[in-house]
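One line per chain: the protein sequences are D and R, in this order. Residue numbering for the first sequence follows numbering that gives the first Met the number 0, starting at 0 and increasing by one per position. Residue numbering for the second sequence follows numbering that gives the first Met the number 0, starting at 0 and increasing by one per position.
Treat the hints as calculated values from the structure; they're not laboratory data. Treat the hints with caution; some may be incorrect.
Heads up, the list lumps identical chains together, so a pair's fine if it works in one copy or across two of them.
Calculated lysine-lysine pairs in the DSS-like style (CA-CA distance at most 30 Å, straight line) [stated by the list, open to error]:
no.	residue 1	residue 2
1	K349	K55
2	K326	K113
3	K326	K349
4	K61	K349
5	K274	K456
6	K181	K138
There are 2 protein chains.
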Amino acid sequence: MLEVDCSVLTPEIVFKTSGHVDRFADWMCKDPKFGDILRADHFVEEILEARLKGNKKARGQKVDEEEDGKKKKKKIKGAQEAVPLSKEVVKEYEEVLAKIDNYSGPELGELIRKYDLRHPKSDMQPTEPVAFNLMFGTKIGPSSNLAGYLRPETAQGQFMNFAKLLEFNQGAMPFASASVGKSYRNEISPRAGLLRVREFLMAEIEHFVDPESGKKHARFHEVEDVELDLLDRHTQLSGQTTITKMTIGKAVKDGIVDNETLGYFLARIYLFLKKIGVDMRKVRFRQHMANEMTDKPLLVRQRLETPRTVSEWEVTIERKKFGPWFKKDSKAVEAVILSSTQECREKWAKELEDSGKAIIEVPGLGNVDVNKDLLQVEYRSRTEHVRDYTPNVIEPSFGIGRILYALCEHAYWWREGGDEARSVLSFPPAIAPTKVIIMPLSSNKDFIPHVTRLSQKLRAAQISTRVDDSSASIGKRYSRNDELGTSLGLTVDFQTLKDGTITLRERDTTRQVRADTDTILTAIREIVGGSKTWEDIEKELPVFESQDVEDQ
Amino acid sequence: MLEVDCSVLTPEIVFKTSGHVDRFADWMCKDPKFGDILRADHFVEEILEARLKGNKKARGQKVDEEEDGKKKKKKIKGAQEAVPLSKEVVKEYEEVLAKIDNYSGPELGELIRKYDLRHPKSDMQPTEPVAFNLMFGTKIGPSSNLAGYLRPETAQGQFMNFAKLLEFNQGAMPFASASVGKSYRNEISPRAGLLRVREFLMAEIEHFVDPESGKKHARFHEVEDVELDLLDRHTQLSGQTTITKMTIGKAVKDGIVDNETLGYFLARIYLFLKKIGVDMRKVRFRQHMANEMTDKPLLVRQRLETPRTVSEWEVTIERKKFGPWFKKDSKAVEAVILSSTQECREKWAKELEDSGKAIIEVPGLGNVDVNKDLLQVEYRSRTEHVRDYTPNVIEPSFGIGRILYALCEHAYWWREGGDEARSVLSFPPAIAPTKVIIMPLSSNKDFIPHVTRLSQKLRAAQISTRVDDSSASIGKRYSRNDELGTSLGLTVDFQTLKDGTITLRERDTTRQVRADTDTILTAIREIVGGSKTWEDIEKELPVFESQDVEDQ
């Protein structure tokens, strides 16, 4: 992939063209009494969920409080009342919730009125949802008259540079660009943690393919056996959330996933998340309900090895007569004609021949008659030496903060033992911020040169380490480094002073091995580099039970 | 160092506190006739430089046109006229230019009037310089009433997180934080290229030290023999630009560089720039003329191993009488008293004892008499178990774009040969975007599996490569990859099909060696990793003269 770093500050014209200035908005409403600003879809979701929970309580059913506790996004206090609901109402609410991401502002307003959704604080329905543009605006330049925005995604920068990237790739398709950088959205209700923030790190890939290639992917066979949990659009539209488990190979073959390239990226994302430690039993792939693509001036010119003959219905507009005839409507009629399909054109050709006029449906005007002195439609052949086309784009997009959040939630647990539960963050070595904690057993000065040498050697091997030489007990120090997610622990003790051996401890199992320094450093490199697991190392090196603290 | 990634969007209060809202500005003036907006210091600099050049021309001296051509920042057209200047005026202009970065807005205005500096377009003096704040403003939140700014530097984020970083470092000093990220300045006149842009990548280190430590650095001895070109503040103030060459060890010893920590970073910066390929004959270290430090609420609490007795002059203000006595001036007088040095306090104590009143100099009020019923000053002792102090900060700060720009300029050259000069970018392997270009000698299909295998092996070794299998001649392909700065070239030819050997070519020398695949891949790893140079490899492997193209 061609990695690019594009600017965040963007002149208004770019986002005007892409449609963001007009349409990149969330639906916002207000509590009419207290002025609380609410995101309309969140408001509907939270009140309906609270009613469903209240229904369970009213019927004496157990409410899953842990589940409730985990949903950190809850904001509206006092929404939950123990009121019984009919079976039909429960089913209706559940269907609304299943497709909550797919409602427009007016539809959300209708739901608020239909179900009489009131803010518990005021006991009133919020105002009609209005669009709130999520882009941060600013002014560029000393005279401050050039409007600009902070980018809300990194895609535009890659599209703007498409021609350069294609040239750099020597005109060859398919190819992908990639970008990692900050994007900015002026969220109506940012929530706790990293799930919804106004400034966030995102990684986006734009994979450009020739639409005629059928979106085949040369490396699809490498991933076709990867099994995914899928939630398709059809299931969601029916108000269900049932998961289908299948290999990506089968999903593409059966048309559940549209093409190989899309399937390839889904599988690679699965493998990536698994590798960094996300619990894949908690992950599903949900098909988007609505497709948002904006027009971009992307063009690929392909030199054809053998020229080809193209036969098509072509339209010719007699502009001199066309404009004066249709006056203010002429642009609208012309647009429909120029963007028409071959099928339409064939139909018009027949109509023009039969009756001297084509009947053309124009949005906003209805059926319009166009006489043959204004429009000709003919079937013509021509020879092409190049083929110009607009590529299709597959856009894998990653919110790094959200991935990190899920990872932390999945990696966090605690072990019983001693007086208190001790927290552990089970980050895989590949992504643990610190790979190795180096600890002298005590503050004995003889340990210092050993600790320094180990630290230097690991730094030279580009393995991130920290030294914990505080006066806390060895158990306490292991404990707090477990909580920081540090994968491995190295201890220098009195035995080290005698024979140069050190112990290596693995965080999750708390088990240890002991060997000479070089052997242990090799083991660390293998674990961190991913070529061996802790289980492999335990089979190779002598297991060690506990530090011989009596030597002190 | 503790790397942190802080937010770019910053609430106004942060930059109000740091002084940026009031003072982070450049001086801007306008052409009164045409409205051209000018940065005042640039305007003065450019007109004076143009006059000096005009003087040379008038005297028939050679003007270094190449030098002139390189100064891409020149913007004002027509400023240069061939007018002779007296020796005294030339000296005066040169002195002004040597300290051009150190003038305030009113001083720049004075220079414009004194030397009658006119914009050549209007033949008029620009307007009086006014401060133009360089921060980009925006509004945060759905009700859009919270003012915010894009950060103009990354330092504030690190200072804001100081307490957390200190805790993470277990309270131990010294320590450093570091940040790499975008910053934003609404420059009055951004220039071509990467030297002055409104959005830029910067890397900043904040190295916090205990001021009582004398700013010693534990690893200073590792760099003390590094020799630097220094331009000190004193030389600049005298209007000169003479360079002094000396080791950083001597510079610190002689007090030319203030302390070891500062010296350590200067030397490390020198070594870093050299390593990435900057031509160090073109680099000097210029001491800043004015020091800009803003107050930050940084506090370190050090637990003292042995409690210490502190004896000091302490001031006690009788607030009940003090306020009514000084009325509106009381805050100003109190501020001077509370921030006074021990020397001042000792003097006041003596004055109070001798005459019953202390004479205190208050800015804006002159000398103020303070009677002994309003103020007592006494020498007292107390025992301290902790020591609270504000750390000193050493702030190495890097504009990545500027470094890249210098690097490109230093690395670019061309070699004679054939019909046209061919450009080369001599990036060291460590920073070349592509390390290796892989090329089949021709489009013969038998080469493809070899090219694919080489590409996979290098990717597995995390060495960035590209394949150039276009139909251009091998010489043309070498040439264009030299221009892209690609360090090494691998060629698969007919000999490869027979015995598996490949050639490795070095960009700057255009020399080649030939050996079996594994040997060549090892050589690539060694060169890219920095453990061997091309000269080493040439001694080890058979030199190869030219591709045996007859086999085709």
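Results for each hint:
1. Proximity of K349 and K55 under a CA criterion of 30 Å is satisfied in neither setting, with 64 Å inside one chain copy and 81 Å between copies.
2. In this assembly of identical chains, the alpha carbons of K326 and K113 never lie at most 30 Å apart, being 43 Å within a copy and 65 Å across copies at closest.
3. In the homo-oligomer, the alpha carbons of K326 and K349 lie at most 30 Å apart inside one protomer (26 Å), although the nearest pairing across protomers, at 97 Å, exceeds that limit.
4. Taking the shortest alpha-carbon separations for K61 and K349, neither the intra-copy value of 68 Å nor the inter-copy value of 80 Å comes in at or below 30 Å.
5. For a Cα distance limit of 30 Å, the shortest separation of K274 from K456 qualifies both inside one copy, at 27 Å, and across copies, at 21 Å.
6. Taking identical chains as interchangeable, the C-alpha atoms of K181 and K138 lie at most 30 Å apart whether they share a chain (19 Å) or sit on different chains (18 Å).
In this structure, the earlier hints numbered 1, 2, 4 are contradicted, and the remaining ones agree with it.
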